[in-house]
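For reference, the chains in residue letters:
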Amino acid sequence: MTEDVLLSIRNLHKSYESGNAILRGIDLDVKRGEVLVLLGPSGCGKSTLLRCINGLERIDGGSIRLDGELISGNPRELPKIRQKLGMVFQSYELFPHMTVLENITLAPIRVQRKGRAEAEREARELLLRVNLSEKEKAYPRMLSGGQKQRVAIVRALAMHPEMMLFDEVTAALDPEMVREVLDVMMELSERGMTMLIVTHELAFARAVADRILFMDQGNIAESGEPEAFFTAPKTERARDFLGNFLFSSKKKGRE
Amino acid sequence: MDFSFIRRFAPMYFDAARLTLGIAALGILFSVLIGALCSVTEYYKLPILRRIASAYVELSRNTPLLVQLFFLYFGLPKLGIRMSSALCGVVGLSFLGGAYMTESFRAGLEAVEGVQREAALSLGLTPLQSMGYVIFPQALALSVPSLVANVIFLIKETSVFSAIALADLMYVAKDLIGLYYQTEEALFMLVLSYLVLLLPISILGTLLERRLRYAGFGD
Chain A
1 MTEDVLLSIR NLHKSYESGN AILRGIDLDV KRGEVLVLLG PSGCGKSTLL RCINGLERID
61 GGSIRLDGEL ISGNPRELPK IRQKLGMVFQ SYELFPHMTV LENITLAPIR VQRKGRAEAE
121 REARELLLRV NLSEKEKAYP RMLSGGQKQR VAIVRALAMH PEMMLFDEVT AALDPEMVRE
181 VLDVMMELSE RGMTMLIVTH ELAFARAVAD RILFMDQGNI AESGEPEAFF TAPKTERARD
241 FLGNFLFSSK KKGRE
Chain B
256 MDFSFIRRFA PMYFDAARLT LGIAALGILF SVLIGALCSV TEYYKLPILR RIASAYVELS
316 RNTPLLVQLF FLYFGLPKLG IRMSSALCGV VGLSFLGGAY MTESFRAGLE AVEGVQREAA
376 LSLGLTPLQS MGYVIFPQAL ALSVPSLVAN VIFLIKETSV FSAIALADLM YVAKDLIGLY
436 YQTEEALFML VLSYLVLLLP ISILGTLLER RLRYAGFGD
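Residue numbers (the working numbering), protein chains in the order written: chain A, 1 to 255; chain B, 256 to 474.
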């Protein structure tokens, strides 16, 4: 059974210099093709967990394995490891001095040493999938937020990662653009991509996730199937958290 | 105004302008290289190099170019290091300009958001590739206005080269005044020469800034 575990985290600890413990012993296995959604109040360590996985944060204890290979505490191998982990940021982080096509082909050409023609052909195929073919020559500043984020996803996919990490990728978007980005992620999950998603879009989480992880104060407080989590959360914390998203209707003249 | 005088000595000014421009171009080239290197040590907070770089910037910016040139031209020979006045000019200008360029690049690098670097790294680029393809090009574009100002400043600074017997524009003007007492003509030609040298650079710089702002990628 163990061979279909892609990412394996054991007893992961992370503190900031101030001494604040942000992750307190995370254990987590992600199977190949699995879609995990991380939920939890802000400051619970969701984003930090993603950043630790691809080495943007140094960890203070524990281990992270990708495909059975130890990837934590191995700074020399980081560029190689990161090629297997696609990361998408809240603020898109397209490179503003490059066109859409250049953004997407930079890493395949410079890191994976692909020929320009091949890299561009792949990039165009991916752009077609997210309906942005006509934007390949555009600069990021000419795109809407939703378009930028779709390009950012394509840029990560162009490296053929084994797993995608999404860090609140719709949090900076206008509401009407959230959908187009979530649709792309939904399509990815249907194609069997392994994904770890931090989001506050609960309806999306419920629809896309194979498993929901609820984090609180640096721990995984609850882990389970989305239906079970949303209808009958096991912990008090999770109930409180879900309660924050509910509104009881209160209209004048109906008392 | 004695135009025959002007016509007669215009070739001297032309040669001097070429010399001035040549030394300035070399000095500016090295300044940019020094500035790029020093600012990167600061950006990556490299332990010892960063200290050296900032000590250099302070030393260079807080001493006049004339003093630096005297040190190179009159001081170093006492230690057995002898350089031609042209070489002194290039070295002196690079020493001074490097510090100003460092500050320009540093400001540019600081203005590029840190998460851009993370985005580059997360694609598998090495730190060096992230700098070369992602961070530095953006920083360079952001630095353009102050880099152009530095270029003009450095060309103007070459006027002190006459003090170490370099036949630059200032030297020729002073020489002609000494020889013929035709102060007005000599100075008129001097001002004109600097204008002819600097105005195109200034205009080009403005165009470059505008292009980067509108056609390029700035908001």
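Hints should not be assumed to be uniformly reliable.
[As the list claims (entries may be wrong)] Okay, derived cross-link-like pairs now, SDA-like style, lysine to any residue, Cα gap no bigger than 25 Å in a straight line:
no., chain 1, residue 1, chain 2, residue 2
1, A, LYS137, B, ALA272
2, A, LYS135, B, GLN371
3, A, LYS114, B, SER385
4, A, LYS84, B, LYS429
5, A, LYS80, B, LYS429
6, A, LYS84, B, LYS300
7, A, LYS234, A, ASP29
8, A, LYS137, B, LYS429
9, A, LYS80, B, ARG466
10, A, LYS114, A, GLN90
11, A, LYS114, B, ILE407
12, A, LYS84, B, LEU467
13, A, LYS114, B, GLN384
14, B, LYS300, A, ARG76
15, A, LYS31, A, TYR16
16, A, LYS80, B, LEU467
17, A, LYS114, B, THR381
18, A, LYS135, B, PRO392
19, B, LYS429, B, LYS300
20, A, LYS137, A, GLU122
21, A, LYS80, B, SER414
22, A, LYS84, B, ARG372
23, A, LYS137, B, LYS300
24, B, LYS300, A, LYS135
Calculated from the structure, these hints are not laboratory results.
Keep in mind that this is a model prediction, so the values were computed, not measured.
Right, here's what the structure says about each hint:
| no. | hint | in the structure |
| --- | --- | --- |
| 1 | LYS137/A with ALA272/B | 43 Å, violated |
| 2 | LYS135/A with GLN371/B | 21 Å, holds |
| 3 | LYS114/A with SER385/B | 18 Å, holds |
| 4 | LYS84/A with LYS429/B | 68 Å, violated |
| 5 | LYS80/A with LYS429/B | 64 Å, violated |
| 6 | LYS84/A with LYS300/B | 29 Å, violated |
| 7 | LYS234/A with ASP29/A | 20 Å, holds |
| 8 | LYS137/A with LYS429/B | 56 Å, violated |
| 9 | LYS80/A with ARG466/B | 37 Å, violated |
| 10 | LYS114/A with GLN90/A | 28 Å, violated |
| 11 | LYS114/A with ILE407/B | 42 Å, violated |
| 12 | LYS84/A with LEU467/B | 35 Å, violated |
| 13 | LYS114/A with GLN384/B | 16 Å, holds |
| 14 | LYS300/B with ARG76/A | 19 Å, holds |
| 15 | LYS31/A with TYR16/A | 29 Å, violated |
| 16 | LYS80/A with LEU467/B | 34 Å, violated |
| 17 | LYS114/A with THR381/B | 16 Å, holds |
| 18 | LYS135/A with PRO392/B | 22 Å, holds |
| 19 | LYS429/B with LYS300/B | 47 Å, violated |
| 20 | LYS137/A with GLU122/A | 15 Å, holds |
| 21 | LYS80/A with SER414/B | 53 Å, violated |
| 22 | LYS84/A with ARG372/B | 18 Å, holds |
| 23 | LYS137/A with LYS300/B | 36 Å, violated |
| 24 | LYS300/B with LYS135/A | 38 Å, violated |
Violated hints, in rising order: 1, 4, 5, 6, 8, 9, 10, 11, 12, 15, 16, 19, 21, 23, 24; the structure is consistent with all others.
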